[in-house]
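Peer 1: All chains should be built: construct the whole structure from the sequences, respecting the hints.
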Amino acid sequence: MSKTTSETSPQDTPQGAAISDFGIDTTSQSTGEAARDYVARLRGGELGSLPALLGVIVLLIVFSSLADTFLTLGNIANLLAQGASVVIIAMGLVFVLLLGEIDLSAGTASGVCASVMALHLVKGGNLLGGMGDTVFYLFCGILVLAAVFAAMMRIWAGTALSLVALGIALFGVPANAWVEMLLAVCVGAAIGSITGFLVARVGIPSFVVTLALFLAWGGVILQFIGQGGTLGLNDDTLFNVANGNLSTAGSWALFVLATGGYAAVVLGRHFSRLRRGLVASPTPMVLAKVGAVVLLAAVATYALTLNRSQSSVVVITGVPFVVPIVLVLLVIGTFVLERTRYGRHVYAVGGNKEAARRAGINVAQIRMSVFVIASTLAAIGAIVYSSKVGSVDPNAGGGNTLLMAVGAAVIGGTSLFGGKGKLRDAVIGGAVLAIIQNGMGLLKQPAAVVFIVTGLVLLLAASVDALSRRRAATTVR
Amino acid sequence: MSEPILELRGINKSFGPVHVLHDIDFDVHPGQVTALVGDNGAGKSTLVKCIAGIHPTDSGQVLFNGDEVHIHGPRDAANLGIEVVYQDLALCDNLDIVQNMFLGRERGKLGMLNEADMEQAARTTLTSLSVRTVKSVRTQVASLSGGQRQTVAIAKAVLWNSKVVLLDEPTAALGVAQTRQVLDLVRRLAEQGLGVVLISHNMNDVFEVADRIACLYLGRMAAEVNTKDVTHGQVVELITAGRSGDLGIARPETATI
Numbered sequence: 000m001s002k003t004t005s006e007t008s009p010q011d012t013p014q015g016a017a018i019s020d021f022g023i024d025t026t027s028q029s030t031g032e033a034a035r036d037y038v039a040r041l042r043g044g045e046l047g048s049l050p051a052l053l054g055v056i057v058l059l060i061v062f063s064s065l066a067d068t069f070l071t072l073g074n075i076a077n078l079l080a081q082g083a084s085v086v087i088i089a090m091g092l093v094f095v096l097l098l099g100e101i102d103l104s105a106g107t108a109s110g111v112c113a114s115v116m117a118l119h120l121v122k123g124g125n126l127l128g129g130m131g132d133t134v135f136y137l138f139c140g141i142l143v144l145a146a147v148f149a150a151m152m153r154i155w156a157g158t159a160l161s162l163v164a165l166g167i168a169l170f171g172v173p174a175n176a177w178v179e180m181l182l183a184v185c186v187g188a189a190i191g192s193i194t195g196f197l198v199a200r201v202g203i204p205s206f207v208v209t210l211a212l213f214l215a216w217g218g219v220i221l222q223f224i225g226q227g228g229t230l231g232l233n234d235d236t237l238f239n240v241a242n243g244n245l246s247t248a249g250s251w252a253l254f255v256l257a258t259g260g261y262a263a264v265v266l267g268r269h270f271s272r273l274r275r276g277l278v279a280s281p282t283p284m285v286l287a288k289v290g291a292v293v294l295l296a297a298v299a300t301y302a303l304t305l306n307r308s309q310s311s312v313v314v315i316t317g318v319p320f321v322v323p324i325v326l327v328l329l330v331i332g333t334f335v336l337e338r339t340r341y342g343r344h345v346y347a348v349g350g351n352k353e354a355a356r357r358a359g360i361n362v363a364q365i366r367m368s369v370f371v372i373a374s375t376l377a378a379i380g381a382i383v384y385s386s387k388v389g390s391v392d393p394n395a396g397g398g399n400t401l402l403m404a405v406g407a408a409v410i411g412g413t414s415l416f417g418g419k420g421k422l423r424d425a426v427i428g429g430a431v432l433a434i435i436q437n438g439m440g441l442l443k444q445p446a447a448v449v450f451i452v453t454g455l456v457l458l459l460a461a462s463v464d465a466l467s468r469r470r471a472a473t474t475v476r
Numbered sequence: 000m001s002e003p004i005l006e007l008r009g010i011n012k013s014f015g016p017v018h019v020l021h022d023i024d025f026d027v028h029p030g031q032v033t034a035l036v037g038d039n040g041a042g043k044s045t046l047v048k049c050i051a052g053i054h055p056t057d058s059g060q061v062l063f064n065g066d067e068v069h070i071h072g073p074r075d076a077a078n079l080g081i082e083v084v085y086q087d088l089a090l091c092d093n094l095d096i097v098q099n100m101f102l103g104r105e106r107g108k109l110g111m112l113n114e115a116d117m118e119q120a121a122r123t124t125l126t127s128l129s130v131r132t133v134k135s136v137r138t139q140v141a142s143l144s145g146g147q148r149q150t151v152a153i154a155k156a157v158l159w160n161s162k163v164v165l166l167d168e169p170t171a172a173l174g175v176a177q178t179r180q181v182l183d184l185v186r187r188l189a190e191q192g193l194g195v196v197l198i199s200h201n202m203n204d205v206f207e208v209a210d211r212i213a214c215l216y217l218g219r220m221a222a223e224v225n226t227k228d229v230t231h232g233q234v235v236e237l238i239t240a241g242r243s244g245d246l247g248i249a250r251p252e253t254a255t256i
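In order, the protein sequence lines correspond to chains A and B.
Just so it is clear: in the first sequence, position 246 is 245 by numbering that gives the first Met the number 0, and no numbers are missing.
Just so it is clear: in the second sequence, position 163 is 162 by numbering that gives the first Met the number 0, and no numbers are missing.
Everything labelled a hint here was simulated from the structure, so no lab data went into it.
Mixed in with the good hints, there may be bad ones.
Calculated lysine-lysine pairs in the DSS-like style (CA-CA distance at most 30 Å, straight line) [unchecked claim]: (1) A:Lys352 <-> B:Lys134; (2) A:Lys443 <-> A:Lys387; (3) A:Lys352 <-> B:Lys162; (4) A:Lys288 <-> B:Lys134; (5) B:Lys48 <-> A:Lys352; (6) B:Lys108 <-> A:Lys352; (7) A:Lys421 <-> A:Lys352; (8) B:Lys48 <-> B:Lys162; (9) A:Lys122 <-> A:Lys352; (10) B:Lys48 <-> A:Lys421; (11) B:Lys162 <-> B:Lys227; (12) B:Lys134 <-> B:Lys162; (13) A:Lys421 <-> B:Lys227; (14) A:Lys288 <-> A:Lys387; (15) B:Lys108 <-> B:Lys162.
Quick caveat: nothing in here was measured; it's all calculated off a predicted structure.
Peer 2: Okay, here's the thing in structure tokens:
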């Protein structure tokens with residue numbers, strides 16, 4: 000035994016001394032080293048959301064030089080409200096894309112949530128009267144089914160939300176803006192439970208399940224609203240979700256809360272890592288990052304608290320409500336993905352399903368849960384766009400809503416192959432799409448051109464993803 | 000010789016009509032490397048998967064530390080302290096070394112992660128195994144070489160204070176220097192008092208690190224011998240014919256009488 004060890008001691012290996020050791024591995028780097036590391040990673044194909052960020056900057060420069068009205072405060076605020084719903088739906092899709100799955104039904108599912116919400120509001124809480132007997136009992140049956148499916152896979156949140164939706168429907172809870180929003184979110188969770196169960200437990204490929212449901216939900220919306228009908232949302236609270244603004248004081252309070260929280264979390268984590276001798280980025284780099292975010296947020300908050308009204312009669316100031324809505328969702332979602340066991344498992348299943356299974360992760364449960372999250376977020380997106388439009392029609396969530404959301408996630412840097420992507424990708428990608436649509440509109444381009452350009456940008460983003468993957472596969476190892 | 004930490008008694012396993020394992024008896028001793036050899040299709044990987052709880056066994060007993068245990072899934076095996084390092088490396092490319100080492104058993108309260116704790120524990124483990132070659136424990140596994148990945152996979156198994164580590168062809172895809180590193184690591188595991196099972200096709204590797212050799216032949220245990228009692232040639236005969244001189248399965252005609 001001792002013979003073998005002396006023979007195989009590391010000193011005998013030719014390259015033994017040349018290689019650095021885990022025991023002395025680098026935990027802190029100088030700024031220069033970190034920058035070189037970053038460049039090396041970029042060259043290795045780990046682009047992240049860099050191309051999309053550059054895209055946002057280029058588009059901002061191009062449109063502000065071409066269209067005088069582009070960089071006005073009114074238009075910027077409008078841009079935020081326009082892009083918010085797609086961004087929210089895209090955030091949900093990031094979870095699904097992280098597993099390398101797809102949810103084609105997220106758009107029409109959000110439409111179903113919007114139409115149930117509008118129907119409940121318009122009929123004063125009487126869904127039975129609004130839907131008719133047969134449809135209502137079918138609707139309740141589907142909610143029960145969703146609750147059972149979620150319970151079978153031990154996704155209790157899905158069960159609970161489905162049952163809340165069932166309760167609101169059966170007890171005829173009176174119409175109220177907050178009840179409507181809760182109902183929409185609960186119906187979204189129920190829809191996600193059904194999609195997820197079919198994919199994860201029954202084992203149908205997600206493409207087929209969600210394609211079928213995409214068609215089916217489109218029909219459901221039509222059934223709920225009626226051919227050619229429109230349900231108006233005559234409610235101040237619902238209208239304000241996408242059209243209202245925070246007060247000036249509220250805007251600055253949001254600024255303090257958001258940037259203060261961000262700085263506290265980032266710096267607190269950084270210095271605790273340094274203290275414990277763990278791998279950490281160089282301090283100047285962290286400080287620069289935090290400083291840049293605070294500065295940018297301060298400028299944006301200041302600009303949005305100025306009066307941006309076109310007429311002298313009304314005064315429009317303050318940060319639009321959609322900003323805190325998107326921020327809250329972004330923070331919660333990022334926390335879940337980066338800091339919780341669940342998020343880690345989502346990445347693991349997306350990276351290597353078999354490895355995750357062997358590590359004792361319940362792969363089916365994870366796969367189902369991402370569809371529940373996607374549909375729930377799609378429901379929140381539905382609330383925002385219904386509020387923006389002020390009504391729900393049979394085309395709600397149809398057309399290219401879903402494709403825009405997938406496009407936003409992919410343009411932002413989420414990989415279609417699974418395992419790679421962050422929630423902020425959806426926000427950055429959504430910004431790219433919103434800027435293109437808004438800017439082209441201001442330039443009075445016909446819809447044909449807008450669609451073609453949007454399509455080409457998406458194609459470009461998908462190529463960047465595929466090429467960077469190929470690069471990552473060839474440069475290392 | 001020490002008491003075996005893991006004993007298999009009369010294990011049978013069929014996949015439909017194919018009887019893959021016939022009455023397998025197999026012992027793993029702490030502080031020793033037991034090599035499991037056999038030709039392709041002899042049932043080595045199936046045996047490992049049965050021990051790991053990936054496949055249920057049809058019949059037979061598993062004794063751990065002398066007590067009978069029932070392994071119904073990977074979790075049961077892990078709870079006993081049995082860890083498997085698979086041939087196709089159960090690592091997630093998109094996660095870093097620390098994240099992979101703690102996959103499925105993350106530390107932290109209320110579903111949250113305690114990254115600092117995990118990073119320190121991972122570094123301690125890697126240092127205790129004198130693992131070289133990786134610059135940072137926060138390196139993504141995708142950018143590691145084959146040997147480095149194998150090292151991470153083995154270190155992952157050790158992190159859990161495991162008692163038995165099963166290695167499925169850990170050196171199959173590696174170059175000379177990397178094979179050396181992994182074999183060193185295997186030896187070090189045994190010196191730390193773990194029961195190590197090494198599946199390998201490479202006789203040089205087997206003779207270099209193994210204390211005992213168990214040879215499977217067409218789903219039967221042909222022989223369990225001490226490495227120092229046999230020669231290279233005898234083991235090759237056991238693998239290809241199931242017998243070598245007095246060792247191995249009796250000739251079919253004598254067995255039927």
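Peer 1: Are lysine 443 of chain A and lysine 387 of chain A close enough, with their CA atoms no more than 30 Å apart?
Peer 2: The hint holds at about 22 Å.
Peer 1: Do the alpha carbons of lysine 48 of chain B and lysine 421 of chain A lie within 30 Å of each other, as the hint requires?
Peer 2: 35 Å, violated
Peer 1: Does lysine 352 of chain A pair with lysine 162 of chain B here, judged by a C-alpha cut-off of 30 Å?
Peer 2: 26 Å, holds
Peer 1: Need the status of pair lysine 108 of chain B, lysine 162 of chain B: alpha-carbon distance at most 30 Å?
Peer 2: Roughly 26 Å separates the two Cα atoms, so the pair holds.
Peer 1: Tell me if the straight-line CA distance from lysine 421 of chain A to lysine 352 of chain A falls inside 30 Å.
Peer 2: 19 Å, holds
Peer 1: Lysine 122 of chain A and lysine 352 of chain A: Cα distance at most 30 Å?
Peer 2: 46 Å, violated
Peer 1: Please work out if lysine 134 of chain B and lysine 162 of chain B have their alpha carbons no farther apart than 30 Å.
Peer 2: Between lysine 134 of chain B and lysine 162 of chain B the Cα gap is close to 29 Å, so the pair holds against 30 Å.
Peer 1: Does lysine 134 of chain B lie within 30 Å of lysine 352 of chain A when you go C-alpha to C-alpha?
Peer 2: The hint holds at about 27 Å.
Peer 1: Hint check: lysine 108 of chain B vs lysine 352 of chain A, CA-CA at most 30 Å. Holds or violated?
Peer 2: Judged against 30 Å, a Cα distance of about 25 Å means the pair holds.
Peer 1: Does lysine 387 of chain A sit within 30 Å of lysine 288 of chain A, going by the straight-line distance between their CA atoms?
Peer 2: Distance of about 33 Å is beyond 30 Å: violated.
Peer 1: Quickly compare the C-alpha distance for lysine 421 of chain A and lysine 227 of chain B to 30 Å and report which way the hint goes.
Peer 2: Judged against 30 Å, a Cα distance of about 55 Å means the pair is violated.
Peer 1: Does lysine 134 of chain B lie within 30 Å of lysine 288 of chain A when you go C-alpha to C-alpha?
Peer 2: 25 Å, holds
Going down the numbered hints, you'll see the structure goes against 9, 10, 13, 14, while the others check out.
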